[in-house]
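**Q** The chain contents come next:
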Amino acid sequence: MNRTTAVEGDAEVIRRSLAQPELFAQLYDRYAPDIHRYAARRLGDGAADDLTADTFLAAFRTRSRYDLSRGNARPWLYGIAANLIGKQRRTEIRALRALARTGTDPLAESWVDRADSRVDAQSAHAPLAGALAGLSAGDRHVLLLVAWADLSYPEVAEALGIPLGTVRSRLNRARRKVRSALGADPAFVVNASEVAQ
Amino acid sequence: MDDLTKVRELRAEAPAPDRARLAPGRMRLLDAAENGRALRRTVRIGRDWRFAAVGAVLAVTASAVLAVNLADHGGSDVSPKPAASQSVKPGTAQEFLEAAARAAESVRGAEPQDDQWYYTKSIGASVEPDTGELGKPTTDEDWFTVGPRKGEEGDWRTYYRLVTHLPDDPQGIVRAIQEAYPPPDAYALDSKKPTHVFSAIQSVTRTPLTSLEGKGQAKLYRALASLEGIELVGHRVTDAAGREVVAITVKPEPKDRYRYEILLQPDTYQVVGSRMVVAHDFTDTNEETAFFPGTWKAGDVMNTGASLVRTFVDDKNERP
Numbered sequence: 001m002n003r004t005t006a007v008e009g010d011a012e013v014i015r016r017s018l019a020q021p022e023l024f025a026q027l028y029d030r031y032a033p034d035i036h037r038y039a040a041r042r043l044g045d046g047a048a049d050d051l052t053a054d055t056f057l058a059a060f061r062t063r064s065r066y067d068l069s070r071g072n073a074r075p076w077l078y079g080i081a082a083n084l085i086g087k088q089r090r091t092e093i094r095a096l097r098a099l100a101r102t103g104t105d106p107l108a109e110s111w112v113d114r115a116d117s118r119v120d121a122q123s124a125h126a127p128l129a130g131a132l133a134g135l136s137a138g139d140r141h142v143l144l145l146v147a148w149a150d151l152s153y154p155e156v157a158e159a160l161g162i163p164l165g166t167v168r169s170r171l172n173r174a175r176r177k178v179r180s181a182l183g184a185d186p187a188f189v190v191n192a193s194e195v196a197q
Numbered sequence: 001m002d003d004l005t006k007v008r009e010l011r012a013e014a015p016a017p018d019r020a021r022l023a024p025g026r027m028r029l030l031d032a033a034e035n036g037r038a039l040r041r042t043v044r045i046g047r048d049w050r051f052a053a054v055g056a057v058l059a060v061t062a063s064a065v066l067a068v069n070l071a072d073h074g075g076s077d078v079s080p081k082p083a084a085s086q087s088v089k090p091g092t093a094q095e096f097l098e099a100a101a102r103a104a105e106s107v108r109g110a111e112p113q114d115d116q117w118y119y120t121k122s123i124g125a126s127v128e129p130d131t132g133e134l135g136k137p138t139t140d141e142d143w144f145t146v147g148p149r150k151g152e153e154g155d156w157r158t159y160y161r162l163v164t165h166l167p168d169d170p171q172g173i174v175r176a177i178q179e180a181y182p183p184p185d186a187y188a189l190d191s192k193k194p195t196h197v198f199s200a201i202q203s204v205t206r207t208p209l210t211s212l213e214g215k216g217q218a219k220l221y222r223a224l225a226s227l228e229g230i231e232l233v234g235h236r237v238t239d240a241a242g243r244e245v246v247a248i249t250v251k252p253e254p255k256d257r258y259r260y261e262i263l264l265q266p267d268t269y270q271v272v273g274s275r276m277v278v279a280h281d282f283t284d285t286n287e288e289t290a291f292f293p294g295t296w297k298a299g300d301v302m303n304t305g306a307s308l309v310r311t312f313v314d315d316k317n318e319r320p
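Protein chains in written order, with the UniProt record's numbering: chain H, 1 to 197; chain L, 1 to 320.
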C-alpha cells in the first residue's frame, strides 16, 4: 500500500462519507489488515475478526465527530480498537499469564505449527509476557501502540486522547518494568531518538 | 537487544489477514453504510443506525423492567395492549393504518424515569454477496439513556419530545423530524416526494410504549395513509424473527433500486420491523460503488430487521 497516498485522503474520505456512507469502506480497505493483525497479537486470531469489524463500525457511526484537520485516520482507528481491546483485558492478561507460566503462547496456536521450532522460541518470551500482564491497561496500550502498531508518540496521544507528556511517562514506566523483567537495568535511559518522536 | 525490540518480536509471526478473512467485516460495514444512506435522506437517530433502521417496537411496558417478547407472543396480562379493532381487515393500506392509529391512541403506559435506560434488542440480516441470499441473522442489544446523563448518548427523550409535538400534515411532520434530528450534512429531503416522506416517517415509527407518544404515533400512521402510492405488499411476508407480518410500502420512484417496508403485526398492529427490497431488476457489479454488487431481481430482500424487545430498565446492561 502506498501509505502516503492513503494518508492524504483519509479526512477527505470521511468528509465525503457523510453524504455517501459507502465510501467509508475505503478506510476499511486501507487499514483493516493492520488493525486485524494488531488485534490478533493482543487477543488472538479469532477475536480479531469481530474486533476489526466492530472498530470500523464504531468509527463509521462516529465519523461525523472526526476532526477533519487530521489527515491520517490511522491513530483514530487504533484508538477505537484499543478501547475495544480494553474491554477484553482479562482475556488478554489471561493469555499473557499462560505464556509466562507455561512458555507456550495460547494465542499463537492458530498461526504457529506446533512442530515448528518457533514454538520453542515462545518460551523465551515468557518473562516479557509476565511483564506485559503486570502493566496497567493504560501503560500496556501505549507500549503496544508504539511497538506493534508503529505509532509515533503524537499519534499515540491522538489515539488515546491523552497529552504527549503522558504518553512519554507511561512508555517510560512500561519500559522500565519490561527491562526489569528481562533482567536489564531498569534505570536505562531511553535514547534520544525515541524521545524526539 | 533492547526492550522495545523484544516487545516487537513477541507474536511477530501473527499473519496479515487475507481479503477473504476481512470480507465479512467489510460486509457489516457496508450494511451500516446502506442503512446510513437510507437514513441520510431522513434523520440520524442516536448512535446506532439499526435502532432507527428497524423502526420498530414490540415491547409494551408498564413498569421499569416489564417487557413482552413478541417473538413467542409472550404477552403479559399487566402490559398495556393496543385495543385493536378486530373488525378491521387489512384490505387497503389506508384501512390498516387507520386501525393501527386507533390502536396506538388506546395505549396506556407508565412514564419512564430520567434515571432509567431504554433497552432494545433486535435481530437482522443482510444479503451475503457470495450466495446472493440473506445471511445468518444476528442480534444486537443496546441501552440508551432516558434522561440526560454525562458521557452517554440519549435517544428516548428526543424521540418523545418529537412525537408529542407532531403536526398533522406529512410535510410538517417531515420538518419536525428534521428539526429533532438534524442531518449532519445537506442531503436534500423533498417533503413533496412520497418516498422521502415515507422514509422520514419510517425512521420514527414504532409501537408506542406510553399513552402520550401513542397520540404522536397515530399521527404518523395517518400521515403514511395519506401518501400517494402507499400500499400493502400483496403476498405473505415474514420478519427477521420469523413472524408473519403485514408489510406496508410506498411505490418507489422509477430511479429507485430499492423500496422500503414497514412491518406490522396483523392482529395487534404493533410495528415489528422493516425490510429493504429490490424494486426492479438490475445489475451492478462495481464493487467500489454498489452496496450489493451483483445481479438482483425485483423482490429480492437485501436487508431485514426486527425488534425483539423494547422496554425500560433501571440500570445499563440490565435485561428485562
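None of these hints come from the bench; they were simulated from the model.
Honestly, I wouldn't trust all of these hints.
[Said to hold, decoys possible] Some chain H residues near chain L, calculated using beta-carbon distances under 10 Å:
(1) 27
(2) 34
(3) 37
(4) 67
(5) 105
(6) 150
(7) 154
(8) 182
[What the hints assert, rightly or not] In the DSS-like style, the derived pairs of lysine-lysine whose C-alpha atoms are separated by at most 27 Å in a straight line are:
(9) L:6 to H:87
(10) H:87 to L:136
(11) H:87 to L:316
[To be verified] Across the chosen pairs, the derived CB separations fall in these ranges:
(12) L:137 to H:183: 49 to 55 Å
(13) L:228 to H:154: 38 to 44 Å
(14) H:89 to L:9: 29 to 35 Å
(15) H:86 to L:238: 19 to 25 Å
(16) H:90 to L:256: 20 to 26 Å
(17) L:115 to H:166: 30 to 36 Å
(18) L:128 to H:16: 39 to 45 Å
Here a beta-carbon is modelled for each residue, glycine too, at the ideal position from N, C-alpha and C.
**Q** Are the hints correct? Go through all of them and say.
**A** A quick look at each hint next to the structure:
1. 27: Status holds, d = 9 Å.
2. 34: The hint holds - residue 34 of chain H has a Cβ within 10 Å of chain L, the shortest such distance being about 8 Å.
3. 37: holds (5 Å)
4. 67: violated (14 Å)
5. 105: Hint on residue 105 of chain H: holds, closest Cβ of chain L at ~7 Å, below 10 Å.
6. 150: Interface hint status for residue 150 of chain H: holds (9 Å vs cutoff 10 Å).
7. 154: Violated, about 17 Å.
8. 182: holds (6 Å)
9. L:6 to H:87: Judged against 27 Å, a Cα distance of about 26 Å means the pair holds.
10. H:87 to L:136: Answer holds: residue 87 of chain H to residue 136 of chain L is near 26 Å, not above 27 Å.
11. H:87 to L:316: With a Cα-Cα distance of about 16 Å, the restraint between residue 87 of chain H and residue 316 of chain L holds, given a limit of 27 Å.
12. L:137 to H:183: 49 to 55 Å: Holds - the Cβ-Cβ distance for residue 137 of chain L and residue 183 of chain H, about 53 Å, lies within 49 to 55 Å.
13. L:228 to H:154: 38 to 44 Å: Hint violated: Cβ distance 56 Å, outside 38 to 44 Å.
14. H:89 to L:9: 29 to 35 Å: violated (22 Å)
15. H:86 to L:238: 19 to 25 Å: At roughly 40 Å between Cβ atoms, residue 238 of chain L and residue 86 of chain H fall outside 19 to 25 Å, so the hint is violated.
16. H:90 to L:256: 20 to 26 Å: violated (48 Å)
17. L:115 to H:166: 30 to 36 Å: holds (33 Å)
18. L:128 to H:16: 39 to 45 Å: Violated - the Cβ-Cβ distance for residue 128 of chain L and residue 16 of chain H, about 27 Å, lies outside 39 to 45 Å.
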